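Chains A and B are the protein sequences, given in the same order. Using numbering that gives the first Met the number 0, read the first sequence as starting at 0 and increasing by one per residue. Using numbering that gives the first Met the number 0, read the second sequence as starting at 0 and increasing by one per residue.
I should point out that these hints are in silico values taken from the structure, not numbers from a laboratory. For clarity, every value in this text was computed on a predicted model and none was experimentally measured. The C-beta atom is built at its ideal place from N, Cα and C for all residues, glycine as well. Just so you know, not all the hints are guaranteed correct.
To be verified - Heads up, incomplete: computed chain B residues facing chain A, CB under 8 angstroms, no partners named: (1) Met19; (2) Val32; (3) Ser59; (4) Phe175.
Said to hold, decoys possible - Okay, derived cross-link-like pairs now, BS3-like style, lysine-lysine, Cα gap no bigger than 27 angstroms in a straight line: (5) B:Lys167 <-> A:Lys51; (6) A:Lys12 <-> B:Lys142; (7) A:Lys51 <-> B:Lys27; (8) A:Lys302 <-> B:Lys83; (9) A:Lys7 <-> B:Lys27; (10) B:Lys160 <-> B:Lys119; (11) B:Lys124 <-> B:Lys167; (12) A:Lys331 <-> A:Lys306; (13) B:Lys148 <-> A:Lys12; (14) B:Lys119 <-> B:Lys177.
Said to hold, decoys possible - Have a look at the derived ranges for each label pair, beta carbon to beta carbon: (15) A:Ile61 <-> B:Glu41: 23 to 31 angstroms; (16) B:Ala170 <-> A:Ile267: 54 to 62 angstroms; (17) A:Lys228 <-> B:Glu41: 50 to 58 angstroms; (18) B:Asp55 <-> A:Glu206: 52 to 60 angstroms.
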Amino acid sequence: MNNKEYLKDFAGKTLFVQGDEAAAYGALFAGCNFFAGYPITPASEVAELMAKELPKVGGFYIQMEDEIASMGAIVGAAWTGGKTMTATSGPGFSLMQENIGYACMTETPCVIVDVQRSGPSTGQATKGAQGDMMQARWGTHGDHEIIALCPNSIQESFDLMVEAFNLSEKFRSPVIFLTDGEIGHIREKLVIPELKDIFIQPRRISESKVDIFGGERIPPMIEFGQGHKIHVTGSTHKSNGMRDVSSQNVHDVLIRRIYEKIELNRDIIVKYETHFTDDMDYLVISYGASARPSLGAVHSLRKQGKKIGMLRLITIWPFADKITRELCKKVKKVFVPEMNLGQIAREVERFTSNPVIKISKIGGVSHTINEISEEIISNI
Amino acid sequence: MTEESIFAGFGGQGVLSMGMMLAYSGMKEGKEVCWMPSYGPEMRGGTANCITIVSDTMISSPIISTFDTVVALNQPSVDKFEKKIRPGGNIIYDSANILTPPTRTDINIYAIPGSDEALKLKNTKVLNMIILGAFIAARKTVKPETVMKALYDVLPERHHKMIPLNEKAFAIGMSFIK
Numbered sequence: 000m001n002n003k004e005y006l007k008d009f010a011g012k013t014l015f016v017q018g019d020e021a022a023a024y025g026a027l028f029a030g031c032n033f034f035a036g037y038p039i040t041p042a043s044e045v046a047e048l049m050a051k052e053l054p055k056v057g058g059f060y061i062q063m064e065d066e067i068a069s070m071g072a073i074v075g076a077a078w079t080g081g082k083t084m085t086a087t088s089g090p091g092f093s094l095m096q097e098n099i100g101y102a103c104m105t106e107t108p109c110v111i112v113d114v115q116r117s118g119p120s121t122g123q124a125t126k127g128a129q130g131d132m133m134q135a136r137w138g139t140h141g142d143h144e145i146i147a148l149c150p151n152s153i154q155e156s157f158d159l160m161v162e163a164f165n166l167s168e169k170f171r172s173p174v175i176f177l178t179d180g181e182i183g184h185i186r187e188k189l190v191i192p193e194l195k196d197i198f199i200q201p202r203r204i205s206e207s208k209v210d211i212f213g214g215e216r217i218p219p220m221i222e223f224g225q226g227h228k229i230h231v232t233g234s235t236h237k238s239n240g241m242r243d244v245s246s247q248n249v250h251d252v253l254i255r256r257i258y259e260k261i262e263l264n265r266d267i268i269v270k271y272e273t274h275f276t277d278d279m280d281y282l283v284i285s286y287g288a289s290a291r292p293s294l295g296a297v298h299s300l301r302k303q304g305k306k307i308g309m310l311r312l313i314t315i316w317p318f319a320d321k322i323t324r325e326l327c328k329k330v331k332k333v334f335v336p337e338m339n340l341g342q343i344a345r346e347v348e349r350f351t352s353n354p355v356i357k358i359s360k361i362g363g364v365s366h367t368i369n370e371i372s373e374e375i376i377s378n379i
Numbered sequence: 000m001t002e003e004s005i006f007a008g009f010g011g012q013g014v015l016s017m018g019m020m021l022a023y024s025g026m027k028e029g030k031e032v033c034w035m036p037s038y039g040p041e042m043r044g045g046t047a048n049c050i051t052i053v054s055d056t057m058i059s060s061p062i063i064s065t066f067d068t069v070v071a072l073n074q075p076s077v078d079k080f081e082k083k084i085r086p087g088g089n090i091i092y093d094s095a096n097i098l099t100p101p102t103r104t105d106i107n108i109y110a111i112p113g114s115d116e117a118l119k120l121k122n123t124k125v126l127n128m129i130i131l132g133a134f135i136a137a138r139k140t141v142k143p144e145t146v147m148k149a150l151y152d153v154l155p156e157r158h159h160k161m162i163p164l165n166e167k168a169f170a171i172g173m174s175f176i177k
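Input sequences plus hints: build the corresponding full structure.
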């Protein structure tokens, strides 16, 4: 756990910072004490602030040789008792996928920040995008569930980062902080809460038992140096950690449990925000940076007397299935503005038989309010 | 009151800092603020701009396509953003740097010889403070005193010796607005 004394200086203060910096402050306040990363635009500011501040709270910052190693380092450090994080953008996120799978399989709490930029490949380095939504969900191979959060403001970048660390501890799972180059680089007001107002989920530690890969749906971990010998492996393993790669039953029990610990707790994890949904004919669903002009468009259309409602997804994965299904039933059409060619629109289609209209914008500039409202008006 | 502005120029002219100073000063006065940069991968040169919104009410979207005020420090910025000014809006430009000035008749045009004045102060880096002075005098978005105080917060302590020069530059900029 990191040194609270130093953080006291920031608590209660109002800062004028970028989304990346707000996320890094959020991590410090959530108790992060280990960061390994490889700087990349537009995520470099996260690494920069962590490099500067982490040693002051008694934590460690390591600049790694690449993103593969960064992800490996945060998984390793988490097993020594650390609260760990890395930050990257699309090209680095692609490299991290292998070890994200390892974190899922070994049920390692850690936070991965992806400040999305235009892709595929190197794409547009300095421009924001939301093209990694599905990569966050299915980037690593094999059956797994993942938690991914999408902030839409500087304040939320801080608040959701604390939440990301808490969820990673609570569900013993990697959590992806899925922001974008636009929110990452905007500067707005950030009010840092008082220390007593920030809830920190402690790590569950088993005193004696070494069955830390089974027995209960979310088993406790053990602490490094506790005296137990334990095997942490990405291969299929029994509840005591020993490999068993030939039994159908062992694999079935392990993977279903890892899947269910998130799937069956969907209602606890999923967060969203609704606007004007009590009385609406059309629904707008958006998230992250594109939720800002979307809400602006909803407000301006409401002023013109159009009955438009909005659902803003804060948790992207697991998907907000119930509320999406319920709200989509109430309307004639659903609009999904996003900075990709329709990744979440496609997910929304799974929950409704009503027409889902994509309002896509790519190329590093997000929608303007007018673009969204004109698109809606021409379709209603 | 909501002031939706864009500061545009070449990378290295201090356009991003100019917008940031305005937004930070707005925040010091308790207003809602949002600052959004846009730039290419180059460290210097290339074009850079930042949308800066200062408002008394919640800012729903940082992304806007028309502006109350455009600050243009190079020719491409005048060419690109003059047409995006709302009728009755304003353009403030560096007249020492721009060969084809804005021509619209439905907006207020402020020509500030910023680069020449900065040369007279023997430091071209204060161009942005001269222009910001003109902006504040013309738009009154925040109080000039707030900007002066903000300098102490924004500049790292090792640069505090530059503050008197910045104050002087700011005052010169203000003096161009009648």
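That 52 to 60 angstroms hint for Asp55 (chain B) and Glu206 (chain A) (C-beta), does it hold up? holds, 56 angstroms
Quick check on Ser59 (chain B) please, does its C-beta sit within 8 angstroms of some C-beta on chain A? Status holds, d = 4 angstroms.
Go ahead and decide if the range 54 to 62 angstroms is satisfied by the Cβ distance of Ala170 (chain B) to Ile267 (chain A). Since the Cβ atoms of Ala170 (chain B) and Ile267 (chain A) sit about 58 angstroms apart, the hinted range of 54 to 62 angstroms holds.
Under 8 angstroms is the threshold here; is the Cβ of Val32 (chain B) close enough to any Cβ of chain A for the hint to stand? holds, 6 angstroms
Can the restraint linking Lys160 (chain B) and Lys119 (chain B) be considered satisfied, given a maximum Cα separation of 27 angstroms? holds, 19 angstroms
Taking only the CA atoms, is the gap from Lys119 (chain B) to Lys177 (chain B) under or equal to 27 angstroms? holds, 21 angstroms
Given pair status - Lys142 (chain B), Lys12 (chain A), alpha carbons within 27 angstroms: holds, 22 angstroms
Straight-line alpha-carbon gap Lys124 (chain B) to Lys167 (chain B), limit 27 angstroms: Status holds; Cα separation ~13 angstroms.
Holds or violated: Lys167 (chain B) to Lys51 (chain A), with C-alpha atoms at most 27 angstroms apart: violated, 33 angstroms
Is 50 to 58 angstroms right for how far apart the beta carbons of Lys228 (chain A) and Glu41 (chain B) are? Because 54 angstroms falls inside the window, the suggested range holds.
Keeping to a limit of 27 angstroms between CA atoms, is the pair of Lys7 (chain A) and Lys27 (chain B) held or broken? Holds: Lys7 (chain A) and Lys27 (chain B) sit about 21 angstroms apart, inside 27 angstroms.
Would the hint linking Lys51 (chain A) and Lys27 (chain B) be met if the CA-CA limit is 27 angstroms? holds, 25 angstroms
In this structure, the earlier hints numbered 4, 5 are contradicted, and the remaining ones agree with it.
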